[in-house]
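Visitor: The listed protein sequences correspond, in order, to chains A and B.
The numbering of the first sequence is the numbering used here, which starts it at 1 and goes up by one.
The numbering of the second sequence is the numbering used here, which starts it at 115 and goes up by one.
It should be emphasised that the hints constitute simulated quantities derived from the structure, not laboratory data.
A few of these clues could be false.
[Claimed, not checked] Partner residues are not named here, just some residues of chain B that face chain A (Cβ under 7 Å, in silico):
{"#": "1", "residue": "G157"}
{"#": "2", "residue": "F160"}
{"#": "3", "residue": "F210"}
{"#": "4", "residue": "Q211"}
{"#": "5", "residue": "F215"}
Note that beta-carbon positions come from the ideal geometry of N, C-alpha and C, so glycine has one too.
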Amino acid sequence: ETGVTQSPTHLIKTRGQQVTLRCSSQSGHNTVSWYQQALGQGPQFIFQYYREEENGRGNFPPRFSGLQFPNYSSELNVNALELDDSALYLCASSFSSGGTDTQYFGPGTRLTVL
Amino acid sequence: DQQVKQNSPSLSVQEGRISILNCDYTNSMFDYFLWYKKYPAEGPTFLISISSIKDKNEDGRFTVFLNKSAKHLSLHIVPSQPGDSAVYFCAATKGFQKLVFGTGTRLLVSP
Chain A
1 ETGVTQSPTH
11 LIKTRGQQVT
21 LRCSSQSGHN
31 TVSWYQQALG
41 QGPQFIFQYY
51 REEENGRGNF
61 PPRFSGLQFP
71 NYSSELNVNA
81 LELDDSALYL
91 CASSFSSGGT
101 DTQYFGPGTR
111 LTVL
Chain B
115 DQQVKQNSPS
125 LSVQEGRISI
135 LNCDYTNSMF
145 DYFLWYKKYP
155 AEGPTFLISI
165 SSIKDKNEDG
175 RFTVFLNKSA
185 KHLSLHIVPS
195 QPGDSAVYFC
205 AATKGFQKLV
215 FGTGTRLLVS
225 P
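Based on the provided sequences and hints, a complete structural model is requested.
Guide: Structure follows, in structure tokens:
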């Protein structure tokens, strides 16, 4: 069974640029959630995708957007990067069954904005 | 508004002893609570969870206790091992749409 994978591992961008982060969900999972973890903080929920539709969004501006593909992989796009966007971006996948939909995390993408 | 709080940034324990990590929450609508462990350069790893209708869940060396009246949960690790040294995050959810995390407790288990 393949776990959650994310690419790239590290990324350096400059302020104002755009970035795309990718996530492959665990086999059998149909839901992907994205989180931002700033230094010294817990992960903060960005949004969740279920069957290619956004299924909830946290307190992040519209320049954070996402996609989920038919194979349940996902992308996180961030436009007009700001210095405060520097963080670890975590993707988690789960199987939404109406029961205990435990989320399993990938290793994350470390984004640095200069 | 910090809905999930882990007030101890760090905890040091000797190998073989009990580690107790604490977590408080404010939102009474949360119906499921989870603990994750995180090593440097890795994503959080799911450890154990508990439904709000239970007060205890056990899995090997790990036990989670939930006190709904106090809005408090704790993770007990017995016996603690050096490999348990990591950052532990408490998370809560209502309906599993999003997880609300605490700020984490760094556990150091010394031989």
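Visitor: It remains to establish, for every hint, whether it holds in the given structure.
Guide: Hint by hint, here is what the structure shows:
Hint status for B:G157: holds, given a least beta-carbon distance of 4 Å to chain A, under 7 Å. A distance limit of 7 Å between C-beta atoms decides the matter here; for B:F160 the minimum to chain A is near 6 Å, and the interface restraint holds. Given hint, B:F210 at the interface with chain A, holds; its Cβ is 4 Å from that chain's nearest Cβ, closer than 7 Å. For the restraint placing B:Q211 at the interface with chain A, the shortest Cβ-Cβ distance is roughly 4 Å, inside the 7 Å limit, so the hint holds.
The interface hint given for B:F215 is met, as the beta carbon of that residue sits about 3 Å from the closest beta carbon of chain A, less than 7 Å.
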